[in-house]
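For the record, the sequence lines run as chains P and F.
For the first sequence, my numbering assigns the number 1 to the initial residue and increments by one for each residue that follows.
For the second sequence, my numbering assigns the number 269 to the initial residue and increments by one for each residue that follows.
Check each hint, because a few of them may be wrong.
To be verified - Cross-link-like lysine-lysine pairs, in silico, DSSO-like; alpha carbons within 30 Å at most:
1) P:K18 x P:K72
2) P:K113 x F:K587
3) F:K482 x F:K597
4) P:K188 x F:K587
5) P:K188 x F:K597
6) F:K482 x P:K113
7) P:K234 x P:K223
8) P:K113 x F:K597
9) F:K482 x P:K72
10) P:K72 x P:K113
11) F:K477 x P:K72
Claimed, not checked - Derived, one-sided and incomplete: chain P residues facing chain F with beta-carbon distance under 10 Å:
12) P5
13) A76
14) R78
15) R80
16) I83
17) G84
18) R85
19) Q88
20) F99
21) E100
22) A105
23) H107
24) A118
25) S123
26) N135
27) T157
As the list claims (entries may be wrong) - Derived coverage of chain F by chain P (criterion: at least 3 residues anywhere in the stretch with Cβ under 8 Å from a Cβ of chain P; other residues may be distant):
28) 427 to 438
29) 588 to 596
In short, the hints are calculated from the structure, not lab data.
Think of the CB as a built atom: it goes at the ideal place given N, C-alpha and C, for glycine as much as any other residue.
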Amino acid sequence: MDNTPLLELVGIVKRFNKVSVAEGLAFSVAEGEAIGIVGPNGAGKTSLFGVISGELREDAGEIRLAGELLNKRDSADRCRMGIGRTHQIPRPFQQMTVFENVLVAAHQGAGLKGRAAADLAASVLYETGLYDVANRLAGRLGLLHRKRLEVARALATKPRILLLDEVAGGLTDPEVDELITIVLSARKSGMAVIWIEHAVRALVETVDRLICVAGGLIIGDGKPAQVLAMSEVKELFLGTEPGEEGALHLEHYTSHRKSDNLEGGQAP
Amino acid sequence: MSRNLGTVSRSQYSGYYLGVVGSVAVVVLAALPYLVAQGFTNILINLFILLTLANMWNVLAGYGGLVSVGQQAFIGVGAYTVLLMAQHGVEPFLAIPVAMVMGAVFAVPVSWFLFRLTGGYFAIATWVVAVIAGIVITGVPSLGGGTGASLPGLHLMNSVLLGALTYWASLAVVLASLVGVYLLLRSRLGLALTAVRDNEIGARSVGVKVTRAKRVVYLISASGCAGAGALIAISQLNVQAANVFNIQWTAYMIFAVLIGGIGSIEGPIIGAVVFIVLQQSLARFNAWYLVIVGAVAMIIAIWARGGIWGIWANRSSTKLFPVGYFLRKPSEKKSSVLAKTEY
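With the hints as extra help, turn the sequences into a complete structure.
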């Protein structure tokens with residue numbers, strides 16, 4: 001094969017009214033490569049996942065998976081083609097059991113039937129630490145399990161590339177460690193990963209490359225240590241957001257627990 | 269798979285219970301015309317018609333998220349199919365399956381139009397379709413125009429026999445609708461639909477072709493409503509556009525679904541029974557009957573959003589109809605003598 005990247009974004013533009021969340025974004029992900037994405041709140045990280053997974057329609061630009069143009073495919077098609085995503089705010093199928101949540105992904109996303117689908121679902125639950133709660137209703141899970149269920153469902157679609165959107169947000173350090181283990185084992189199977197996360201430590205331990213976005217533009221792209229050392233990136237985290245909050249993003253990656261709990265926590 | 273992670277069963281209890289209890293219930297219901305007065309079976313005919321409608325509206329709105337207020341369009345299609353065929357000499361009871369097919373056939377082009385719309389626009393458009401269908405039928409003199417037409421072919425029949433046949437036809441239609449929905453929800457598509465019910469965006473992102481699934485549900489629902497329409501024509505021996513295209517039918521089905529609990533097979537069954545019981549026991553209070561029915565709907569809407577069945581379903585994953593999937597771990601396997609439906 002030639003050097004066609006697994007995922008390729010060219011000149012992606014996306015604006016909400018006058019707010020730009022992507023202003024000619026371009027990058028590519030190689031087969032099996034893992035990329036971390038950081039950036040201030042509102043930088044367009046989640047919107048970028050929306051554009052890649054087909055939930056948002058880009059205003060301009062091209063998205064390709066292994067060379068094939070995705071722009072006109074809906075999100076279900078893109079999932080079936082190999083883009084598995086998680087949602088920042090978990091979207092569990094609340095009245096279905098954990099096992100059913102993952103099984104539907106194995107049926108629809110991975111295209112499996114019967115025994116094969118059940119086996120995949122069960123082994124994904126085992127790997128993501130949800131095996132013991134397999135028969136519990138998803139609506140009755142706590143935050144950690146909801147976040148894991150997002151990852152488990154995405155894995156059960158047998159993706160070629162896994163999009164993780166703040167799956168570590170709101171978790172404690174040991175819980176983040178367990179997530180890192182899950183992601184590393186997914187990587188071992190040859191899966192490419194893009195991981196959006198405020199917890200920089202988690203990214204540094206799992207990814208090959210770090211991309212920093214702000215205002216719809218790529219500020220830095222390279223080895224994690226290099227990107228974090230860039231003055232523009234430092235300035236972004238330390239300078240543009242007032243007070244302690246920006247600084248804490250980099251230094252104390254768990255500082256967002258409270259706010260993440262609010263948006264991702266238990267539904268009433 | 270190197271690890272043994274267990275087997276899958278479709279229920280936490282044996283599916284045989286449902287089979288045994290269901291079979292007994294069907295036999296008893298089928299024998300009722302020999303056992304009880306016709307007045308009672310006539311009430312049950314109304315129950316079966318309402319339950320068919322509620323069951324169909326439940327898959328449509330509860331699973332497909334398609335809140336239609338225009339299902340009376342298909343009731344009308346079903347009723348007029350029976351009328352038209354009876355006018356051409358076909359036995360009305362034999363026209364019921366044809367009416368159900370016609371409902372689905374009619375729904376195909378309608379879905380092309382309606383599926384461009386969502387939410388409130390979709391709801392209003394379904395109503396518009398029903399109104400237009402009613403107006404068009406009213407313009408056909410051979411079908412009775414606005415005043416309606418009586419159903420030929422059944423008047424000469426012995427009234428007891430006619431009552432019993434109508435009852436059995438209603439029982440057959442309601443069973444077909446319930447078994448059909450049960451098999452649908454038990455299938456691979458059914459699990460996908462259940463995911464759509466719980467979270468549409470989530471369903472799309474695990475690969476569910478949501479629009480395709482919704483279209484299937486829309487056609488099934490149209491077919492079932494047409495079956496109910498055929499029964500309405502036969503039980504009333506008369507077809508009138510103002511009656512069969514009346515939005516009141518949709519109000520009844522929505523009421524039954526919301527009271528019983530939307531998004532489950534069990535809910536509409538409970539809701540339809542509650543509605544008929546209220547209707548029968550409150551009939552002598554005239555207008556107060558509507559006030560009480562309305563109050564019940566409001567109480568449920570405020571304090572039990574999931575309906576009567578929802579109160580149970582929120583606490584337990586055990587269901588009357590085994591449409592779920594349960595992972596039975598290897599250690600549990602030996603102790604469980606109930607797991608029969610592995611695959």
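Quick rundown of the hints versus the structure:
For the hint pairing K18 of chain P with K72 of chain P, the CA-to-CA distance comes to about 24 Å; that is within 30 Å, so the pair holds. With a C-alpha separation of about 23 Å, the suggested pair K113 of chain P and K587 of chain F falls inside the 30 Å cut-off, and the hint holds. With a CA separation close to 34 Å, the supplied pair K482 of chain F and K597 of chain F exceeds the 30 Å bound. For the proposed pair K188 of chain P and K587 of chain F, the alpha carbon gap of about 40 Å is over 30 Å, so the pair is violated.
Straight-line distance between C-alpha atoms of K188 of chain P and K597 of chain F comes to about 27 Å, which keeps the hinted pair within the 30 Å bound. A C-alpha spacing of about 21 Å is found between K482 of chain F and K113 of chain P, which places the hinted pair at or below 30 Å, so the restraint holds. Only pairs whose Cα atoms come within 30 Å are accepted, and K234 of chain P paired with K223 of chain P is accepted, the gap being roughly 15 Å. Proximity of K113 of chain P to K597 of chain F is assessed by CA-CA distance (about 20 Å); at most 30 Å being required, the pair is judged to hold.
Annotation: proposed proximity of K482 of chain F to K72 of chain P holds, straight-line Cα distance about 20 Å (limit 30 Å). For the given pair, K72 of chain P sits about 27 Å from K113 of chain P by alpha-carbon distance, which is consistent with the 30 Å threshold. This hinted pair checks out: K477 of chain F and K72 of chain P have alpha carbons roughly 15 Å apart, not beyond 30 Å. The beta carbon of P5 of chain P is not positioned within 10 Å of any beta carbon in chain F (closest approach about 22 Å), and the interface hint is therefore violated.
A distance limit of 10 Å between C-beta atoms decides the matter here; for A76 of chain P the minimum to chain F is near 5 Å, and the interface restraint holds. Contact between R78 of chain P and chain F, as hinted, is supported at the beta carbon level, the nearest pair being about 9 Å apart and thus within 10 Å. Among the interface hints, the one on R80 of chain P holds; its C-beta lies about 5 Å from the nearest C-beta in chain F, closer than the 10 Å criterion. This hint holds: I83 of chain P has a C-beta 9 Å from the nearest C-beta of chain F, less than the 10 Å allowed.
Restraint check, G84 of chain P versus chain F: the minimum CB separation of about 8 Å is within 10 Å; hint holds. Interface hint at R85 of chain P: satisfied, since its Cβ lies 5 Å from the closest Cβ of chain F, which is below the 10 Å cut-off. At its closest, the beta carbon of Q88 of chain P sits 12 Å from a beta carbon of chain F; the interface hint therefore is violated under the 10 Å criterion. For F99 of chain P, the interface hint holds, since its Cβ comes within 10 Å of a Cβ in chain F; the closest pair sits about 4 Å apart.
With a cut of 10 Å, the hint placing E100 of chain P at the interface with chain F holds, because the nearest CB-to-CB distance is about 5 Å. Annotation: interface hint on A105 of chain P holds; nearest CB of chain F at approximately 4 Å, less than 10 Å. Below 10 Å, beta-carbon pairs count as interface contacts, and H107 of chain P has one with chain F at about 5 Å; its hint therefore holds. Contact between A118 of chain P and chain F, as hinted, is supported at the beta carbon level, the nearest pair being about 5 Å apart and thus within 10 Å.
At a threshold of 10 Å, the smallest CB-CB gap from S123 of chain P to chain F is about 6 Å, leaving the interface hint in force. The criterion of a C-beta within 10 Å of any C-beta in chain F is met by N135 of chain P, whose closest approach is roughly 5 Å, and the hint holds. Contact between T157 of chain P and chain F, as hinted, is supported at the beta carbon level, the nearest pair being about 6 Å apart and thus within 10 Å. By the rule of at least three residues with a Cβ nearer than 8 Å to a Cβ of chain P, the coverage given for the stretch 427 to 438 of chain F is violated, with 0 such residues.
With 4 residues carrying a beta carbon less than 8 Å from a beta carbon of chain P, the stretch 588 to 596 of chain F meets the three-residue requirement, and the given coverage holds.
Checked against the numbered hints listed earlier, the structure breaks hints 3, 4, 12, 19 and 28; every other hint is satisfied.
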